[in-house]
Amino acid sequence: MAATNPLEPMWEDLRALNASLQRTLDEFRNSFRRASSAGKEMPDARVRLDHVLKLTEDAAHRTLDLVERSGPLADRLSVDAAALIDPIRQARAAYTGTCVAELLFRVEEFLGRVQQDGSSVRANLAEVLMAQSYQDLSGQIIRTVIKLVAELERTLSHFSELAGEGGAEQGAAAVAPVSGGNGFGPAVPGVTTGAVGAQGDVDDLLADLGM
Amino acid sequence: MSSDLRFLVVDDFSTMRRIVKNLLQELGYPNVQEADDGNTALPMLKTGNFDFVITDWNMPQMPGLDLLKAVRADAALKHLPVLMVTAEAKREQIVEAAQAGVSGYVIKPFTAQTLSEKLNKILQAKTAAKA
Chain A
1 MAATNPLEPM
11 WEDLRALNAS
21 LQRTLDEFRN
31 SFRRASSAGK
41 EMPDARVRLD
51 HVLKLTEDAA
61 HRTLDLVERS
71 GPLADRLSVD
81 AAALIDPIRQ
91 ARAAYTGTCV
101 AELLFRVEEF
111 LGRVQQDGSS
121 VRANLAEVLM
131 AQSYQDLSGQ
141 IIRTVIKLVA
151 ELERTLSHFS
161 ELAGEGGAEQ
171 GAAAVAPVSG
181 GNGFGPAVPG
191 VTTGAVGAQG
201 DVDDLLADLG
211 M
Chain B
1 MSSDLRFLVV
11 DDFSTMRRIV
21 KNLLQELGYP
31 NVQEADDGNT
41 ALPMLKTGNF
51 DFVITDWNMP
61 QMPGLDLLKA
71 VRADAALKHL
81 PVLMVTAEAK
91 REQIVEAAQA
101 GVSGYVIKPF
111 TAQTLSEKLN
121 KILQAKTAAK
131 A
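Keeping their order, the protein sequence lines are chains A and B.
First residue of the first sequence? That's 1 in the numbering used here, and the numbers climb one at a time after it.
First residue of the second sequence? That's 1 in the numbering used here, and the numbers climb one at a time after it.
Don't read these hints as lab results, they were simulated from the structure.
Glycine included, C-beta positions come from ideal geometry on N, C-alpha and C.
Misleading hints may appear alongside valid ones.
[Claimed, not checked] From chain A, some residues computed to sit far from chain B (all C-beta separations above 10 Å):
hint: 1; residue: G185
hint: 2; residue: L209
hint: 3; residue: M211
[Unchecked claim] When the alpha-carbon atoms are kept at most 16 Å apart in a straight line, the in silico EDC-like pairs for lysine to aspartate or glutamate are as follows:
hint: 4; chain 1: B; residue 1: K78; chain 2: B; residue 2: D66
hint: 5; chain 1: B; residue 1: K69; chain 2: B; residue 2: E96
hint: 6; chain 1: B; residue 1: K130; chain 2: B; residue 2: D66
hint: 7; chain 1: B; residue 1: K21; chain 2: A; residue 2: D65
hint: 8; chain 1: B; residue 1: K21; chain 2: A; residue 2: D203
hint: 9; chain 1: B; residue 1: K90; chain 2: A; residue 2: D203
hint: 10; chain 1: A; residue 1: K40; chain 2: A; residue 2: E127
hint: 11; chain 1: B; residue 1: K121; chain 2: A; residue 2: D203
hint: 12; chain 1: B; residue 1: K90; chain 2: A; residue 2: D204
hint: 13; chain 1: B; residue 1: K46; chain 2: B; residue 2: D74
hint: 14; chain 1: B; residue 1: K21; chain 2: A; residue 2: E127
hint: 15; chain 1: A; residue 1: K147; chain 2: A; residue 2: D65
hint: 16; chain 1: A; residue 1: K147; chain 2: A; residue 2: E12
hint: 17; chain 1: B; residue 1: K90; chain 2: A; residue 2: D201
hint: 18; chain 1: A; residue 1: K147; chain 2: A; residue 2: D50
Looking at chain B on its own, in the form it has when it is part of the complex:
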């Protein structure tokens, strides 16, 4: 079953972007674009009509947390689900991300099943909110 949801995968490591993209395709989401940093992601989000963001935290220019804050501060983007997929594993960081309005948090290394579960949970919550 293929979905037409549009995903943006933000990570400075091209290997990780490719892995997440492959996983999304396996899960039935073929519509995936990539950005290597928050700075490149934000303009794409503003013009690209995306439905879902999966972002790393630790990136050289604009880190994922700042991207998340920018999305939540933008009237047109603030409802966009943002799933953080990151190696950042300190408790205070997870709390910070939650306070900034993250939709889900997956720590690397992760399994395909974990990504799928978190994704579905967020999409279900979104559907429930709409209903």
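The shape of chain A in the complex, shown without the other chains:
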């Protein structure tokens, strides 16, 4: 007669628990491996972002080159046209009643438009110049992301060591705190807290401080 071991149900539970623990550990290792393989993509991500920085910088400088070259041209058109208006008007007086007077009148009108349009082009170029500040602002945000990617990379590489050694020394990867002294970079809507909204708010705040 085979006596039933009274401890058998408990052994059964322990075996199940052990199998479950083993599965969990395996899953854990696999997750680490996946994370470490994602970590291998990180240097690529940084290079790509660096490249975006370079592209926008080159594009902004190219635009600024053209703005700097075009501004004086617009100025010259405007100034030279303006200088001709009076002489043409005087010449027209000498030809009153002839077809030359009609032609000179049209030239005079044209010179007036060149003068005005030259000034408008100059003003537009000044706006194009200011618009290039996007490169600084987007560049600062991209640099922040590059730093985060580098930190993530370090953390994942630490994870991957843990997975490889099967539970070596614990402890979170040291992540350098973001220094407020170096600045936080441009305010990103929905991310940054405690930022002022516009120049008017800065002026109000400084006025409150007695400046």
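Starting from the known structure of chain A, fit chain B onto it as the hints suggest.
This is chain B only, laid out in the frame that chain A set:
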């Protein structure tokens, strides 16, 4: 009207230095030099006989706030006007800059008019103080 005031523009982004330099030239200040960081700016200020500093905050080596503090701590430079032109827009930062002795604070993105207004305000205050 052209002024012979000497400006130093400090920003780690070359595009922004170029934009500010262009704006200053438009405003009649052709005498503009550039530095890409507080560390390079400070020696230039000590030897360059500058009249005005326009600086960014967020720079890799020596940030603009440290440059401002260094200028205010230097007997020969402490009266130099320092205009901060930066994307740093947190209230506590603006207060910190004010406490460190900043002459004006412009947040990026800014307009040519804003820069011109702040510049004139600082220069007028300087002239009034001299008179």
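How the hints compare with the structure:
1. Remark: the non-interface label on A:G185 conflicts with the geometry, its nearest Cβ contact in chain B lying 6 Å away (cut-off 10 Å).
2. Against the 10 Å criterion, A:L209 falls within the reach of chain B, whose nearest CB is about 5 Å from its own CB.
3. The non-interface label for A:M211 is inconsistent with chain B: the shortest C-beta to C-beta separation is roughly 6 Å, within 10 Å.
4. Annotation: proposed proximity of B:K78 to B:D66 holds, straight-line Cα distance about 13 Å (limit 16 Å).
5. Taken as a hint, the B:K69 and B:E96 pair is honoured in the structure, with Cα atoms around 11 Å apart against an allowance of 16 Å.
6. Only pairs whose Cα atoms come within 16 Å are accepted, and B:K130 paired with B:D66 is rejected, the gap being roughly 27 Å.
7. Proximity of B:K21 to A:D65 is assessed by CA-CA distance (about 13 Å); at most 16 Å being required, the pair is judged to hold.
8. For the proposed pair B:K21 and A:D203, the alpha carbon gap of about 23 Å is over 16 Å, so the pair is violated.
9. With a CA separation close to 13 Å, the supplied pair B:K90 and A:D203 stays within the 16 Å bound.
10. Proximity of A:K40 to A:E127 is assessed by CA-CA distance (about 43 Å); at most 16 Å being required, the pair is judged violated.
11. Using a Cα cut-off of 16 Å, the hinted pair B:K121 and A:D203 holds, with the two alpha carbons roughly 12 Å apart.
12. Our distance criterion of 16 Å between C-alpha atoms is met by B:K90 and A:D204, whose separation comes to about 13 Å.
13. A threshold of 16 Å between alpha carbons decides the hint, and for B:K46 with B:D74 the separation of about 9 Å falls inside it, so the pair holds.
14. A threshold of 16 Å between alpha carbons decides the hint, and for B:K21 with A:E127 the separation of about 15 Å falls inside it, so the pair holds.
15. Taking the CA atoms of A:K147 and A:D65, the gap is near 31 Å; set against the 16 Å cutoff, the hint is violated.
16. At most 16 Å may separate the alpha-carbon atoms for a hinted pair to count; A:K147 and A:E12 exceed this at roughly 51 Å.
17. Restraint check: the Cα-Cα separation between B:K90 and A:D201 comes to about 11 Å, which is no more than 16 Å; the hinted pair holds.
18. Only pairs whose Cα atoms come within 16 Å are accepted, and A:K147 paired with A:D50 is accepted, the gap being roughly 11 Å.
In summary, the numbered hints that this structure violates are 1, 2, 3, 6, 8, 10, 15, 16.
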